[in-house]
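Residue numbers (the numbering used here), protein chains in the order written: chain Y, 1 to 145; chain L, 1001 to 1315.
Incorrect hints may appear among the rest.
[Stated by the list, open to error] Covered stretches of chain Y, as calculated for chain L (at least 3 residues, CB under 8 Å):
#1 3–12
#2 77–86
#3 99–112
#4 125–138
[Said to hold, decoys possible] Listing some non-contacts, in silico: residues in chain Y with all C-beta distances to chain L over 10 Å:
#5 G28
#6 K38
#7 R68
#8 D90
#9 R95
#10 R116
#11 R118
#12 G119
#13 E122
Hints were generated in silico from the structure; no laboratory data involved.
Where is the CB? At the ideal position from N, CA and C, for every residue including glycine.
Chain by chain, the residues run as shown.
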Amino acid sequence: MAATTKLALITPGGVRFEGDVEIVVAPGAAGDLGVLAKHAPLLTTLRPGVLKATVAKAEGAAAEAGGRLSFAVPGGFMQVTPEKVIVLADVALTRDEVNVEEARADLRSAQEELARKRGPEEAQARRAMAWAQARLDVTQRPDQA
Amino acid sequence: MATLRQIRDRVKSLRNTQQITRAMKMVAGARIRRAEQAMRAARPYADALTEMLRELVAAGGARHPLLSSRPVQHSGILVMTADKGLAGAFNSNLVRAALLQARERSNPAFYVVGLKGRLQLRAARRAPVADWLLQGKPFAELAREIAQRVIADFTEGRIDELTLVSSRFISTIVQRPTPVQLLPVAPPQSQAPQGHGTPQGQASQLHGQGDAAASAPSAQSSRAGAPLRNAFEFEPDAGHVLAELVPRYLEFSIYQALLETQASEFAARLIAMTNATDNAGKLIDELTIVMNKTRQAAITKEILEIVGGAEALKG
């Protein structure tokens, strides 16, 4: 049994997940990063992407997916200490919560914006595109990958 | 004395009023529960965000324009009120608290949330430079808009400080207009909860759950000047993290204040409408007695007339 660490996924709407996990894979600002137990203290911003974790003792809905959790997040922050991982995000969506139609439409409009815009607006469009992509990824990629 | 018909109409209209106030009371009661839940749900996020900012500031070295104070020439006041009245002195109290703050500053710029606040400030010849409605869009979005506006005004030098006057939801019975400094962002202190008014203060009061073990020792050691227990690494670097975290922190403080102001509005309305319903009830009772007496008097008078008439015929 691998050592576990605590994960808390918190949004302004409430705590989305709290429990022991074996590994957390987060879309860090400088690339995806995996966090195991006893990781060195780290504070990082997150890109829009998919946050994944493997639950140590899977129960309920998580067990059905083989203890694997995934949430689409539009960016946020992650604080890692040796004993716990805290992820802050504006929202966190599971595959069942994503509105696929809406995400597809958002992706299209973001791509169109990106083709036209430059400068600060370009970065914004890029972000919107990444967030739309993240929402689609969380639905498409089967959890038992 | 009023005629029977007049009194009866009066009672009828009072009953209508009472029905309306009772309905408003019930609506406020139901919405207060939801607003309180939203407030409670936001707290873990507030705790964690405060904690991260504290770590960042404690790590030192990192500077951010929103954190640095400068000589104050232009002040700003952000006041939050409701869009609707019929909530007792709720809106007036907030506006009064804001005007009290204004008296200590020279010609502050007003930022207003809520239709009532806008109207009352205009009446007080303090036209706001920017205003928003409380209702109409999700609070997350509203908070972002407000934050963007005040951050822009702060960085471009239109204001050198910003004070928030919003309602603290202490309980269903007590709501208090409370001023809090928003800008420059006061980095959360490692010391125990400072002051009540602030959303941060409230957050740190709720602190001591799981992360107390991680934060408390490091807070103490940093105060003593010793190295931090958790020497954080930052990715991409402290400056970048701070640049994202500080505006987010401000935005979230505004978000929490919106939630609390809304909960307070419902609480104030609940009380106002409960009183109104009770008062209407009392008036109805009183008038009903008057009405019955008047009717009885009319009947007695008629009987007397009949009896009198009969007597006269006999004679």
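Checklist line | Violating hint indices (sorted, rising) | finding: 3, 4, 5 and 8
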